[in-house]
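A.B. asks: These are the residues of each chain, in order.
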Amino acid sequence: MFEQTGVATREMVMEKFPPIERINKGPVAVVECYQKIPCNPCQTACPFGAIQIGEDINEIPRRDEAVCTGCGVCVAKCPGLSIMIVDGSKSPDTVEFRIPYEFLPLPAAGERVVGLDRAGEPICAATVKKVMNPPAFDRTPVITLEVERKYLYEFRNFRREAEARG
Amino acid sequence: MRITQHPILSFDRGKELHFTFNGQPMTGYEGETIAAALHAAGVKVLAKSLNLHRPRGFYCAIGNCASCQMVVDGEPNVRTCITLLREGMRVETQEGKGRIQ
Amino acid sequence: MRELELLIIGSGPAGLCAAISAAASGARVLILERSFAPGGQLIKQTHMFFGSERQYASHRGVDIAGILLKKLEEYGDRVELMCNATAVGFYEDNVVTVLKDEKEYFKIKAKSVICATGAYEKSLAFPNNDLPGIYGAGAVQTLMNVYGVKPGDRVLMVGAGNIGVIVSYQLLQAGVEVAAVLDAAPKIGAYLVHASKLARMGAPILCSHTVKEAIGTDCLEAAVVCRVDERFQPVPGTEQRFDVDVMCISVGLSPLNELLAMRGVEMKYVPQLSGSVPLRTENCETCIPGIYVAGDASGIEEASSAMAEGYLAGLCAAAALGHVPEDYEARRQEYLRQLEGLRSGPVGERIRAGMKLSAL
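Residue numbers (my numbering), protein chains in the order written: chain A, 1 to 166; chain B, 1001 to 1101; chain C, 2001 to 2360.
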């Protein structure tokens, strides 16, 4: 189905997530790159060498969860916007996501937004914790959102309430 | 139809220019093509086809397809998708082949 | 008649890189650009490019144009860029005729020529496909991203290759609703990361679908789409109507290289490269010594490959003119390695097949 819709299946998504114990320890990158394409900026961007592609730039990136600090430098660098940071260390009930979001208007910290899944369907409420848009991100803002823990493997995007109404 | 805010781009529009479309006064900006200025004003029909007089808009935006040809300052077959707007231009829908005036 | 060393036709990614490479070796270069501004189609690419840092990956195309033009400035008066200048003829004695500003017509004779003339968008046949409101996807990208004008309110994208999917995403960024993205093929042709970006914004991608007809009197008002079977035949009873004021056609590009055919370069129809292309050596040289091709004019690929080809063609053309840098062979091998890397994966399979068929 993925090749017909662009929506990854649950099994594919699960494979890209590190074990829950790692997520609960602190932030870590989830690299949702499922197809061999000639591209390697994630490897170049990672200051810790935690994302490896190797000599052949068509290889699928491998993220070493033991080395990854969840710093998020790769999030705004991935041309496919396929990387997000998940962090389960903040609370037993919620998880924090850092996702790239190239649309205006940007949300504000504290704003309640609609959480969307990989098909753009609304699934939950989410709270914006932080909006980062420094020059180094080159116009790919990264939004930190807090989401109920049960949506860990479904949440992937959001839309603002005003847009939902409008 | 003009984009006012954009996540990646900022549009530094040039000076406002005045032109006419089929005699109607219009405004556009320096640095944009005739077709872009017309489109921003909601004008999509730029010409009528040679034989069946079907409406024509622009298609390729690189001056290749001939769909956007209009009469500009009396000159027919001007490719408006690649021709920059100038102050005082008279732009007219082209019917068929067009004639040199 | 003006005589010169190296003429480059086209200032898109391939032409600019060819100019940088040739000028770096010491060649004197004239670049002809038919548009009023250089950069080719880079100037409307707001997304980050793929590839490696050698092809400016992770930079946005629009910014890459600026990076390349700035690099070109380093070579000062060795490089001349002439805009609003269309090469309209290419003759046996390497004379190129040029139409400048739509009125001045003159001849240029060059010792060597690199043709980096790019591509144009293919069209699709269906009833009323000529209605205003139906555009090439690249044309809409120009309208939005160069001129800041929206094509309309609601769009149907026909074609789920990289251009179709990327332009759909850019339409969303400009505030245009994307009703659906269709493709007659049973699978998405675009890089799937692009497709996923679009899917999670709620824009549905419908494979095995095509346009049955467009509806409208003066302008597009709606489109009827239907499913197609494995043989790309419409399946009756599967029609769906979309009320849209914009339809973008993104069913592929064709190489623009009539100048080379006119010059007598041996051409061949290679479907894997999306059209008629010149036969060439690994150094991008055609069957006529001193005449090179780079970028989409040699076959449709990604801009990253166009840049690598441009660098290679510029290096080799300059060397043949006597400007051989000390590290010539190392650089040549480096560009060949880059191209091999960009084409070596599963998505490069077609290109590799096309390269074999068009090799001299």
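It is worth saying that the hints were derived from the structure and are not from the lab.
Be aware that a few hints might be false.
[As the list claims (entries may be wrong)] Cut-off 25 Å, straight-line C-alpha distance, at most; resulting in silico cross-link-like pairs (DSS-like, lysine-lysine): (1) C:Lys2122 - C:Lys2187; (2) C:Lys2212 - B:Lys1048; (3) C:Lys2150 - A:Lys16; (4) A:Lys150 - A:Lys129; (5) B:Lys1097 - B:Lys1048; (6) B:Lys1015 - C:Lys2150; (7) C:Lys2356 - A:Lys36; (8) C:Lys2187 - A:Lys36; (9) A:Lys130 - A:Lys36; (10) C:Lys2268 - B:Lys1048; (11) B:Lys1048 - C:Lys2150; (12) A:Lys36 - A:Lys129; (13) B:Lys1097 - C:Lys2356; (14) C:Lys2122 - C:Lys2150; (15) B:Lys1097 - C:Lys2100; (16) A:Lys16 - A:Lys36; (17) A:Lys150 - A:Lys130; (18) A:Lys90 - A:Lys36.
Since the structure is predicted, the reported quantities are computational estimates derived from the model, not experimental observations.
A.B. asks: Hint by hint, note whether the structure agrees.
C.D. replies: Hints, one by one, checked against the model:
About 20 Å separates the Cα atoms of Lys2122 of chain C and Lys2187 of chain C, which keeps this hinted pair within 25 Å; it holds. Among the hinted pairs, Lys2212 of chain C with Lys1048 of chain B is consistent with the structure: their alpha-carbon atoms are about 24 Å apart, no more than 25 Å. A hinted pair counts as satisfied when its Cα atoms are at most 25 Å apart, and Lys2150 of chain C with Lys16 of chain A does not qualify at roughly 37 Å. A threshold of 25 Å between alpha carbons decides the hint, and for Lys150 of chain A with Lys129 of chain A the separation of about 18 Å falls inside it, so the pair holds.
Distance check on the hinted pair: Lys1097 of chain B and Lys1048 of chain B sit about 9 Å apart at the alpha-carbon level, within 25 Å; holds. Straight-line distance between C-alpha atoms of Lys1015 of chain B and Lys2150 of chain C comes to about 20 Å, which keeps the hinted pair within the 25 Å bound. Restraint check for Lys2356 of chain C and Lys36 of chain A: the C-alpha separation of about 22 Å stays at or below 25 Å, so the hint holds. The hinted pair formed by Lys2187 of chain C and Lys36 of chain A meets the criterion: a straight-line CA distance of about 15 Å does not exceed 25 Å.
As the CA atoms of Lys130 of chain A and Lys36 of chain A are separated by approximately 33 Å, the hinted pair breaks the 25 Å bound. Pair hint Lys2268 of chain C plus Lys1048 of chain B does not hold up; C-alpha atoms about 36 Å apart against a cutoff of 25 Å. Between Lys1048 of chain B and Lys2150 of chain C the CA atoms are separated by roughly 23 Å; this keeps the pair inside 25 Å, and the hint holds. Taking the CA atoms of Lys36 of chain A and Lys129 of chain A, the gap is near 34 Å; set against the 25 Å cutoff, the hint is violated.
As the CA atoms of Lys1097 of chain B and Lys2356 of chain C are separated by approximately 45 Å, the hinted pair breaks the 25 Å bound. Our distance criterion of 25 Å between C-alpha atoms is met by Lys2122 of chain C and Lys2150 of chain C, whose separation comes to about 22 Å. Between Lys1097 of chain B and Lys2100 of chain C, the direct Cα distance comes to roughly 24 Å. Compliance with the 25 Å bound is thereby established for this hinted pair. Note on Lys16 of chain A and Lys36 of chain A: the hinted pairing holds, with a Cα-Cα distance of about 15 Å set against a maximum of 25 Å.
Between Lys150 of chain A and Lys130 of chain A the alpha-carbon distance is near 21 Å, which keeps this suggested pair within the 25 Å criterion. Taken as a hint, the Lys90 of chain A and Lys36 of chain A pair is broken in the structure, with Cα atoms around 34 Å apart against an allowance of 25 Å.
In this structure, the hints that do not hold are numbers 3, 9, 10, 12, 13, 18, in rising order.
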